[in-house]
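Protein chains in written order, with this note's numbering: chain A, 1 to 277; chain B, 1 to 280.
If you're looking for bench data, these hints aren't it; they were derived computationally from the structure.
For clarity, every value in this text was computed on a predicted model and none was experimentally measured.
All C-beta atoms, glycine included, are put in the ideal place defined by N, C-alpha and C.
A few of these clues could be false.
[Stated by the list, open to error] Facing chain A, a subset of chain B residues (Cβ under 10 angstroms, in silico):
1. F17
2. S195
3. I198
[Claimed, not checked] Straight-line C-alpha distance at most 27 angstroms; calculated DSSO-like pairs for lysine-lysine:
4. A/K186 with B/K6
5. B/K194 with A/K99
6. A/K12 with B/K6
7. B/K10 with A/K274
8. A/K5 with B/K279
9. B/K96 with B/K168
10. B/K10 with A/K12
11. B/K6 with A/K175
12. B/K96 with A/K99
13. B/K103 with A/K186
14. A/K175 with B/K10
15. A/K274 with B/K168
16. A/K186 with A/K129
17. B/K168 with B/K279
18. A/K12 with B/K279
19. B/K6 with A/K5
[Said to hold, decoys possible] Beyond 10 angstroms from chain A on every Cβ pair, some chain B residues (computed):
20. L23
21. K32
22. V35
23. I47
24. S53
25. F93
26. R130
27. G134
28. S174
29. K224
30. V227
31. S228
32. L255
33. F263
34. T274
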Amino acid sequence: MINAKTSERIAKMFLISAILITLGILGFIILFILINGLPVISANFLFKPIEEMGKSGGIFPTIISTIYISMLSIFFAAPLGVATAIYLTEYTRENYLTKVIRFGADCLAGIPSIIYGLFGFVFFVIYLKMSWSILSGALTLSIMMLPTIIRTSEEAIRAVPYSYREATYALGGSKWQGIRFIVIPKAMPGILTGIILSIGRAVSETAALIFTAGMSIRTPTSIFSSGRTMAVHFYALAREGISIQMAYGTAAILIITILIINIFSYYLLFRYQKKYS
Amino acid sequence: MGVNEKIIEKTIYFLAFSAIFILLLITIFIFKEGVPFLFNYGVLKIIFRSSWSPSDQEFGIFAMIIGSIYITLGALIVGIPLGVACAIYLCEFAHKRTRLIIKPTIELLAGIPSVVYGFMGMIVLAPIIRSFLGGSGLSILSASLVLGIMILPTIISISMDSLMALPKTYKEGSIALGATTWQTVIMVLLPAAKSGIIAGIILGLGRAIGETMAVIMIAGNSLKIPVSVLDSTRTMTAGIALEMGYAIGDHRMALFAMAVILFIFILLLNSLVTFIFQKK
């Protein structure tokens with residue numbers, strides 16, 4: 001039998017190699033995309049319309065669609081998610097109803113995006129006659145974001161010490177005043193973290209958007225026009241082999257956006273946690 | 001308490017049910033499109049026949065179910081050891097500072113769009129597999145490797161949560177008895193955190209079986225029942241996404257029927273996870 005010290009050393013080596021493999025793959029993906037994609041990016045690439053289905057021109061319309069869709073879906077999802085979190089933390093105890101709400105949110109988190117795509121297609125596009133549009137896409141995405149926003153807001157609100165609420169009441173403030181003026185502002189960095197991470201989800205989503213926001217290559221003029229986001233455009237470029245160069249460029253923009261979003265949200269979270277611990 | 005306050009309270013109360021309301025809405029609309037077809041055509045005929053040819057009214061999805069199962073199992077084979085090992089290292093061996101840096105970095109994996117994973121599989125992994133192992137490279141093996149990486153963040157973060165939730169005394173007691181950290185992990189901590197880790201694995205499984213875009217790009221999408229890991233295959237999700245764009249009539253309903261089967265399976269997985277956490 002190998003002695004305990006040797007097995008400890010072997011185990012540790014195995015565990016460290018797991019970490020290194022994981023980090024290595026992550027680093028490889030990011031570097032591979034950036035090294036191949038950054039040379040493609042230029043002012044023309046960013047600000048010109050799509051030409052020849054993406055073979056030439058730029059990706060300007062997809063940037064606009066991405067901004068529209070992510071902002072609009074946050075606009076729908078944030079109030080719903082934060083309200084749910086306020087209800088779960090401030091207005092009720094753990095009981096049957098909260099269990100049902102949590103179960104609902106957990107299920108929403110587990111549903112594959114292709115099923116959201118089908119739902120958005122039959123419900124928003126066909127049943128509510130919104131057709132393939134930024135609006136249908138954003139509504140579909142807002143549902144997908146809901147669980148993340150609920151969870152992060154709930155954690156942030158719970159982290160606000162109870163004494164803050166008591167101080168409000170002692171000063172004659174009502175429950176809602178306490179929530180509105182004390183609890184929510186204190187929990188804001190945490191809530192924002194959830195919202196920013198959800199924007200990341202909107203930026204990277206494809207399956208749910210193809211059948212709801214459509215694949216139009218034109219710049220959307222209103223929330224009722226169809227439009228493809230960067231991720232959807234990248235998919236079309238890569239899978240149909242339209243232009244590998246343009247695909248690399250688009251992927252690089254996607255990766256840079258995701259990096260900024262993640263770094264910013266961790267910065268917020270880190271500062272927030274420091275304040276309370 | 002003013003009238004306004006009451007209205008606000010009622011509104012919040014009402015909005016809090018949006019998640020469950022939307023879940024119901026999704027269930028109703030997916031089922032409405034898919035369930036009638038499931039029964040008209042015959043559940044068993046759909047699930048256990050493998051001939052899928054919408055133009056001849058053949059809607060057997062057996063091959064796609066097998067495709068989904070193979071790729072999901074493959075992803076778990078890759079993802080479980082790697083993910084649990086990362087979680088153990090970060091929780092029990094790494095310094096707190098290392099953990100604070102590595103954990104958010106690993107979570108970046110969850111932020112990378114699935115189309116980018118698919119692209120990497122197509123452009124980097126498939127050619128490697130093609131030249132070393134043969135076949136087209138677009139295969140169960142490539143898809144499993146890529147999906148295994150994609151489910152890592154889920155497995156790692158939930159395994160870490162359940163390891164971190166264990167009382168410190170477990171570890172201290174074991175170390176005090178003269179056990180090494182590794183012995184403590186194997187004999188005390190892993191058994192104690194078992195249910196949480198299993199929940200993480202189930203959620204990872206759910207992600208793998210539901211993944212669509214990456215799989216479309218790397219699994220090759222063949223409709224034959226695969227016999228080796230180098231064979232190309234089509235998953236249920238890929239089947240839906242590839243044909244939804246132009247499907248009409250029975251064909252479209254058949255795709256929704258497939259979505260119903262997938263949906264029920266995912267809900268069962270989620271109920272299982274809720275049950276596991278509640279038992280704790």
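Assertion that B/K32 lies outside the chain A interface [Cβ separation over 10 angstroms]
Given that some Cβ of chain A is not farther than 10 angstroms from that of B/K32, nearest at about 8 angstroms, it is violated.
Verify this label for me: B/V227 is non-interface relative to chain A, using a Cβ-Cβ cutoff of 10 angstroms.
26 angstroms, holds
Hey, does B/K224 actually stay past 10 angstroms from chain A on C-beta?
21 angstroms, holds
If you draw a straight line from the CA of B/K168 to the CA of B/K279, is it 27 angstroms or shorter?
21 angstroms, holds
For a C-alpha distance cap of 27 angstroms, please report whether B/K103 and A/K186 respect it.
Holds: B/K103 and A/K186 sit about 25 angstroms apart, inside 27 angstroms.
Claimed clearance of chain A by B/S53, with the beta carbon kept past 10 angstroms:
Holds, because the least Cβ-Cβ distance between B/S53 and chain A comes to about 22 angstroms, which exceeds 10 angstroms.
B/G134 clear of chain A by more than 10 angstroms, beta carbon to beta carbon?
Answer for B/G134: holds, closest chain A Cβ roughly 23 angstroms.
Beyond 10 angstroms from every Cβ of chain A: is that where the Cβ of B/L255 lies?
8 angstroms, violated
Beyond 10 angstroms from chain A, beta-carbon-wise, is B/S174?
The claim stands: B/S174 keeps its Cβ more than 10 angstroms from every Cβ of chain A (closest is about 12 angstroms).
Is the Cα-Cα distance between B/K6 and A/K175 27 angstroms or less?
11 angstroms, holds
Hint check: B/K96 vs B/K168, CA-CA at most 27 angstroms. Holds or violated?
Between B/K96 and B/K168 the Cα gap is close to 15 angstroms, so the pair holds against 27 angstroms.
Next pair to validate is B/K10 with A/K274; report whether the Cα-Cα distance is within 27 angstroms.
35 angstroms, violated
When each numbered hint is compared with the structure, violations occur for hints 2, 3, 6, 7, 8, 10, 12, 16, 18, 19, 20, 21, 25, 32, 33 and 34.
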